[in-house]
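S.K.: Given next are the chains, with one letter for each unit.
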Amino acid sequence: MSAPAARRQRPILRMIVGRLGIGVFTLFVISVLIFLAVSLLPGDIAQQVLGQSATPETVAAFRRELGLDQPLIWRYLDWVGGVLSGDFGRSLANGRPVAELLAARLGNTLFLAAYAAVIAVPVAVGLGLLSALWRGSWFDRIANVATLSAISFPEFFIAYILMFWLSVRMGWLPSIADPGASPRLGEMLSRAFLPAITLVLVVTAHMMRMTRAAVVNVLGAPYVTMARLKGVSRWRVVTRHALPNALAPIVNVVALNIAWLITGVVIVEVVFVYPGLGQLMVDSVTNRDIPVVQACALIFAAVYILLNLLADVLAIATNPRLLHPR
Amino acid sequence: MMRMLKTMPPTAILGVLVILAYAVIALFAPLFAPYGEAQIVGAQFEPWSATYPFGTDTLGRDMLSRLIWGARNTVGVALVTTALAFGIGAIAGLLAAALGGWVDLVLSRLVDVLMAVPALILTLLALSALGPGVMNLIAVVAVLDSTRVFRLARATAMNVMVMDYVEAAHLRGEGIWWTITREVLPNISAPLIAEFGLRFCFVFLTISALSFLGLGLPPPMADWGAMVRDNAALITFGDITPLLPAACIAVLTVSVNFVVDWMLHRASGLKD
Chain A
5 MSAPAARRQR PILRMIVGRL GIGVFTLFVI SVLIFLAVSL LPGDIAQQVL GQSATPETVA
65 AFRRELGLDQ PLIWRYLDWV GGVLSGDFGR SLANGRPVAE LLAARLGNTL FLAAYAAVIA
125 VPVAVGLGLL SALWRGSWFD RIANVATLSA ISFPEFFIAY ILMFWLSVRM GWLPSIADPG
185 ASPRLGEMLS RAFLPAITLV LVVTAHMMRM TRAAVVNVLG APYVTMARLK GVSRWRVVTR
245 HALPNALAPI VNVVALNIAW LITGVVIVEV VFVYPGLGQL MVDSVTNRDI PVVQACALIF
305 AAVYILLNLL ADVLAIATNP RLLHPR
Chain B
68 MMRMLKTMPP TAILGVLVIL AYAVIALFAP LFAPYGEAQI VGAQFEPWSA TYPFGTDTLG
128 RDMLSRLIWG ARNTVGVALV TTALAFGIGA IAGLLAAALG GWVDLVLSRL VDVLMAVPAL
188 ILTLLALSAL GPGVMNLIAV VAVLDSTRVF RLARATAMNV MVMDYVEAAH LRGEGIWWTI
248 TREVLPNISA PLIAEFGLRF CFVFLTISAL SFLGLGLPPP MADWGAMVRD NAALITFGDI
308 TPLLPAACIA VLTVSVNFVV DWMLHRASGL KD
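As you go down the protein sequences, you meet chains A and B in turn. Taken in order, the first sequence gives residues 5 to 330; the numbers are from my numbering. Taken in order, the second sequence gives residues 68 to 339; the numbers are from my numbering.
Since the hints were made in silico from the structure, they are not lab data. Built from N, CA and C at the ideal position, the CB exists for glycine as well. Be aware that one or more of the hints could be misleading.
[To be verified] Chain A is faced by these chain B residues, among others (derived, beta-carbon under 7 Å): (1) SER195; (2) ALA196; (3) GLY200; (4) MET202; (5) GLY305; (6) LEU310; (7) ILE316.
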């Protein structure tokens, strides 16, 4: 690579390293928060697990076993060290290693989320573009009312409506979605279809509205009017003038909606009894199985921060102006 | 007033009417409900009939009565939470904008961290640490939701703080509190009011989701999210009763969103 080319590459590289640093730092702060949230709680985990009838000796022994007699910082380092080497501690409910509980479920959740995202992103961006293009038309108005309603529905409402129609009334799909250890992709896809399509509906509504807003913003720019005035066709204006400039906001919109996907995954998994991370987390919150809750929270947080980081980098790569913030 | 009514789109009028209906039902729940909130009146899962318009639930309590009592409980808790979130967020945001310096820095970074992770995950974490209970639920959801109010209040207040009339108030020796309440607040009230509607929807959906997950109001209380969860088994038998409480939630949030959508249009003066 010649010298000037290398220099041109460098700001992007520097930006990526900088963002990575911020991401790691955020994750560190969040891990402290997750750790503290549980350590500073009123009452004592050992006492709670053993119950009120436990003798002080058993409680003290259990505290030593959990490491609760160690100083706070030491416990934090111990916990983080364990997490980094794949050891999340043991579940308080059944004594099994948390990592073992997570292993199978993490894959299931990522599969479901990816399944939903693959359908939702192109559909939402496409429909958002169309309604921005035809703004004010009947298509746009119907889309506005429909997406506004979909946003207002609780996720479990959409899930149960779909379950009622597609699985109970029509009998097309199973109402309980357990992908199992099926080796065949086709079977996994059909079994997880109902939860996935629920997530698609939830996410599409949000993403479509945001995409429309981002594109409408760009279409209002003077250079678009200029292009129209000099006689460029409508299609060309959108694909060559508006879209490249709208890419950065659209990428951000997609990333923002990953938050809806994560929130939605938790609820949808509970509705369809899908054996994923979200269901595990909810069960553990109900049982107050703290090590499992911590591990799930940390994984969800890490995935979310990572995806946002990726979106940031992509947004800047598609729009180099963002490299030089004012 | 009449002119405003005429310019309102039909969706907004519908929204206002539905919100009023909910308010009346929630306020006068004892008058509308045929049976008590936790009163067991019949067998489990009785079908729809004249005595029990929507049948009975898992424990044999009248579904219609519980829907009506649920309006009071669920909407009430959501309103209190939203108000609390608004109080915390608006005061912190205004103080950050007015004081600047390290107050602004600390508050803004704190909010950045809280918003770096989906709110539901932090809510679940906090609830598992604090344990169940209405007070914990309200506090956790309010604090996590106040971050959005903080951002909006701070950003809009920042724009007002640089105005000449605020400078003039400073020069004639007015205190921070006077400046905030008399100069800044009246000028940012329009976006804040619209935000209140949006926040209410969000908080309402969050609390419904939590109670659906079994982390909401304690059992004997009628609560729409928990009612869906308790009766969900009926769906697999082709009975739509469990969908009713979910529909109650959806209709209210749709209505509030319709009204907010119209208010935002009016406030921004945008045509698209």
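S.K.: All hints, please: hold or fail.
M.R.: Cross-check of the supplied hints:
| no. | hint | result |
| --- | --- | --- |
| 1 | SER195 | holds, 4 Å |
| 2 | ALA196 | holds, 4 Å |
| 3 | GLY200 | violated, 12 Å |
| 4 | MET202 | violated, 13 Å |
| 5 | GLY305 | holds, 5 Å |
| 6 | LEU310 | holds, 6 Å |
| 7 | ILE316 | holds, 5 Å |
Of the numbered hints listed earlier, those contradicted by the structure are 3, 4.
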